[in-house]
Amino acid sequence: MKKIGLIGVGKMGLSHLAIAKMTPGIEVSAICDVSTPLMYFLGKNIQVKTFKNYKKMIKNCSLDGVMICVPNSMHFEISKHCIENGVHVFIEKPLTLSFKESQVLCDFATQYQVKGQVGYVNRFNPVFQRVKKMLSAGVIGKVTHYINKMVGGVILKKNSKGWRNDYSKGGGCLFDYGPHCFDLACYFFGSDVQVDSTSLTSIFSTEVDDIVSATLRHNETIIGFNYINWSDSSVRKANNTIEITGIKGKIIANKQEINVYCADRIPEMNLKEGWNQLYVTDENTNTPYYLRGEDFSNQLIEFSDLINGKIEKSISSLEDGSATDRILEDILKMSGGLIQNG
Amino acid sequence: MDKIIFGDNQFFGVNHMSEQTSIRQSQKFRTSEDIYKILEFVNDIGIKTFMFTTHDKLEPVFEKMRINPKFKDFKLVPCMPYAHKYANAMVELGIFEAVAKFVPGSKILSGLKGLGAAISSDPIPVMKLLVDSEMKQFKGFNVEAIFLLNIVTDLLLGLGMHHMFYEFAKYAEAKYGVKAGFFTMNYHQLHEILVNDLKLDKPMICSNINKIGFRMNPTRQTVEETIGLHDSTNIAMSFLASGALKPEEAVAYIKSLKGIDAVLFGASSPDHIKETKDLLDVTLST
Numbered sequence: 090m091k092k093i094g095l096i097g098v099g100k101m102g103l104s105h106l107a108i109a110k111m112t113p114g115i116e117v118s119a120i121c122d123v124s125t126p127l128m129y130f131l132g133k134n135i136q137v138k139t140f141k142n143y144k145k146m147i148k149n150c151s152l153d154g155v156m157i158c159v160p161n162s163m164h165f166e167i168s169k170h171c172i173e174n175g176v177h178v179f180i181e182k183p184l185t186l187s188f189k190e191s192q193v194l195c196d197f198a199t200q201y202q203v204k205g206q207v208g209y210v211n212r213f214n215p216v217f218q219r220v221k222k223m224l225s226a227g228v229i230g231k232v233t234h235y236i237n238k239m240v241g242g243v244i245l246k247k248n249s250k251g252w253r254n255d256y257s258k259g260g261g262c263l264f265d266y267g268p269h270c271f272d273l274a275c276y277f278f279g280s281d282v283q284v285d286s287t288s289l290t291s292i293f294s295t296e297v298d299d300i301v302s303a304t305l306r307h308n309e310t311i312i313g314f315n316y317i318n319w320s321d322s323s324v325r326k327a328n329n330t331i332e333i334t335g336i337k338g339k340i341i342a343n344k345q346e347i348n349v350y351c352a353d354r355i356p357e358m359n360l361k362e363g364w365n366q367l368y369v370t371d372e373n374t375n376t377p378y379y380l381r382g383e384d385f386s387n388q389l390i391e392f393s394d395l396i397n398g399k400i401e402k403s404i405s406s407l408e409d410g411s412a413t414d415r416i417l418e419d420i421l422k423m424s425g426g427l428i429q430n431g
Numbered sequence: 006m007d008k009i010i011f012g013d014n015q016f017f018g019v020n021h022m023s024e025q026t027s028i029r030q031s032q033k034f035r036t037s038e039d040i041y042k043i044l045e046f047v048n049d050i051g052i053k054t055f056m057f058t059t060h061d062k063l064e065p066v067f068e069k070m071r072i073n074p075k076f077k078d079f080k081l082v083p084c085m086p087y088a089h090k091y092a093n094a095m096v097e098l099g100i101f102e103a104v105a106k107f108v109p110g111s112k113i114l115s116g117l118k119g120l121g122a123a124i125s126s127d128p129i130p131v132m133k134l135l136v137d138s139e140m141k142q143f144k145g146f147n148v149e150a151i152f153l154l155n156i157v158t159d160l161l162l163g164l165g166m167h168h169m170f171y172e173f174a175k176y177a178e179a180k181y182g183v184k185a186g187f188f189t190m191n192y193h194q195l196h197e198i199l200v201n202d203l204k205l206d207k208p209m210i211c212s213n214i215n216k217i218g219f220r221m222n223p224t225r226q227t228v229e230e231t232i233g234l235h236d237s238t239n240i241a242m243s244f245l246a247s248g249a250l251k252p253e254e255a256v257a258y259i260k261s262l263k264g265i266d267a268v269l270f271g272a273s274s275p276d277h278i279k280e281t282k283d284l285l286d287v288t289l290s291t
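As given, the protein sequences belong to chains A and B, one line each in that order.
In this text, residue positions in the first sequence follow the numbering used here: the first is 90, and each later residue adds one.
In this text, residue positions in the second sequence follow the numbering used here: the first is 6, and each later residue adds one.
Careful: at least some of the hints might be erroneous.
[As the list claims (entries may be wrong)] Reference listing, derived: stretches of chain A covered by chain B, where coverage requires no fewer than 3 residues with Cβ under 8 Å from a Cβ of chain B: (1) 195 to 204; (2) 337 to 348.
[As the list claims (entries may be wrong)] One-sided and incomplete, this derived list gives chain B residues near chain A with beta-carbon spacing under 7 Å: (3) L160; (4) G163; (5) M190; (6) N191; (7) R220; (8) N222; (9) A246.
[Said to hold, decoys possible] A few chain A residues that face chain B, going by a derived Cβ cut-off under 7 Å, partial list only: (10) A107; (11) V324; (12) R325; (13) T374; (14) T376.
If you're looking for bench data, these hints aren't it; they were derived computationally from the structure.
Given the structure is predicted, the values throughout are model-derived calculations rather than measurements.
Quick reminder that beta carbons are idealized off the backbone N, C-alpha and C, glycines included.
Let the hints inform the model, and build the full structure from the sequences given.
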């Protein structure tokens with residue numbers, strides 16, 4: 090049993106805490122947050138040591154791993170400290186707010202022989218994993234284009250304050266939704282990416298974008314149109330949809346379902362010629378503990394496997410996180426500023 | 006408890022499989038009148054229990070029911086807390102500030118105002134106040150049970166705050182004279198806590214139960230074995246596995262388990278509701 094600590098108990102942190110406590114192979118022995126009442130409350134109600142200072146927690150608790158769920162702008166400093174102390178890290182997305190800092194973390198992790206994982210939960214979604222398998226098996230042949238869309242309703246009225254309206258704190262749709270969307274593209278098509286064109290549009294936010302559009306080129310040959318909007322009031326729940334065109338077919342997928350068109354029948358994957366529909370109910374979704382989706386449970390099982398030495402590298406590694414941070418940075422640089430539409 | 010319970014997902018465009026279905030449903034139930042009409046139909050064909058989250062959109066529906074004598078023997082099962090209301094507040098305000106917003110005058114607030122002041126570490130009074138505030142609108146209705154939604158049940162289960170289940174059950178009984186129930190996506194683990202640790206008498210548990218084992222955690226087999234003990238009141242939801250199963254085979258499976266006390270289902274068209282009800286009637290009664 091490996092001992093882990095959790096730094097930052099906001100909404101994400103609280104859900105990770107519950108999941109981590111139920112994940113085999115790890116035991117949450119300490120948590121840390123700057124909120125005094127919160128630490129007092131949790132200290133009294135769940136059997137775990139509490140801290141207000143993460144350095145103190147690292148020093149006193151001889152932890153094997155930590156989960157870092159603090160605001161984005163603090164990821165680098167805290168992760169660096171944990172890595173330097175030889176503690177394995179799970180870091181919520183995005184890894185950091187600068188490609189350079191993310192690279193430093195990757196280098197440090199190698200140097201200190203620390204294992205790392207970034208919270209790209211889409212990589213643990215059973216339906217997206219099925220899409221990945223289909224692509225690897227060449228179900229639609231060589232991929233030429235994709236259209237990748239993520240929409241949700243986070244900012245629906247004029248916003249001139251808070252971290253969401255501040256790039257240096259990880260705000261903007263670009264740094265909030267963007268990481269999930271671009272990471273999904275890298276998961277499917279590789280992280281050898283060049284940004285061909287971008288635009289950042291603001292609707293309600295005064296200092297940051299609300300809608301991102303970007304054309305990416307993977308491996309010099311796969312062209313991807315990415316559209317990300319966190320100000321879409323028509324959407325009940327944030328969702329990703331991706332349409333992938335190959336020379337032998339097409340895949341349209343979201344977290345629940347896949348529609349796949351195959352030019353030829355592929356018996357080994359049970360796919361008929363023409364359209365095929367697959368649902369999340371076709372996948373094995375069993376998990377030891379479910380809180381908000383099997384993807385969230387699976388990503389912590391992976392972290393447990395990682396620090397218990399059952400796997401060498403996570404499918405959502407620090408390098409993967411760093412690749413997405415480079416894309417985000419390039420998009421911001423290339424955009425030429427905000428298009429004001431509000 | 007009735008064997009057939011009508012649910013509310015379709016009213017809010019909740020469909021776990023398809024965005025298109027969600028969009029179709031949300032067009033169908035634009036107004037409280039649209040929802041009311043379906044519930045009237047449900048009541049007319051003899052489904053007498055409605056289980057729902059305490060969504061603001063339902064308030065005018067209950068007002069209509071209140072003045073229609075046809076609903077006299079209709080039973081309500083509120084499920085709380087309507088998570089989005091609180092989750093949104095939590096994101097915008099922070100955990101404690103959100104509690105303070107919904108529970109004015111709660112002791113926790115004093116901890117924020119003056120750091121170091123005496124603050125409450127006891128969530129039980131807050132739980133009671135939240136239940137009371139949700140229950141206000143059901144005064145005069147025939148409330149059959151009060152359920153805790155799975156996001157909260159499973160969070161408390163994960164955090165290990167199991168005593169809250171006990172306190173919730175005791176409070177529902179003492180204050181409202183009804184049984185408490187629990188939605189969960191972790192049937193087996195919750196069952197162990199409620200029955201074996203907390204010794205609750207036949208606690209009501211509502212969870213996914215379907216032939217393909219979709220979201221029956223940790224495994225279908227474990228869940229089936231625990232259901233077989235029948236020392237809890239078991240309510241099956243998602244018995245059609247979001248449409249992955251044919252109704253006949255789905256119902257046959259429920260019957261084969263011999264430990265299911267009730268089935269919760271939802272549908273948006275009268276025909277579909279009637280068909281499912283008839284099928285459940287025939288299969289579950291024989």
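Structure-based check of each hint:
1. 195 to 204: Check failed, 0 qualifying residues.
2. 337 to 348: holds (count 3)
3. L160: holds (5 Å)
4. G163: Interface hint status for G163(B): holds (3 Å vs cutoff 7 Å).
5. M190: holds (4 Å)
6. N191: This hint holds: N191(B) lies near chain A, its Cβ roughly 6 Å from the closest one there, short of 7 Å.
7. R220: holds (6 Å)
8. N222: holds (5 Å)
9. A246: Hint holds; A246(B) Cβ to chain A Cβ min 5 Å, cut 7 Å.
10. A107: holds (3 Å)
11. V324: Violated - the Cβ of V324(A) stays beyond 7 Å from chain B, reaching only about 9 Å at its closest.
12. R325: holds (6 Å)
13. T374: Hint on T374(A): holds, closest Cβ of chain B at ~6 Å, below 7 Å.
14. T376: holds (6 Å)
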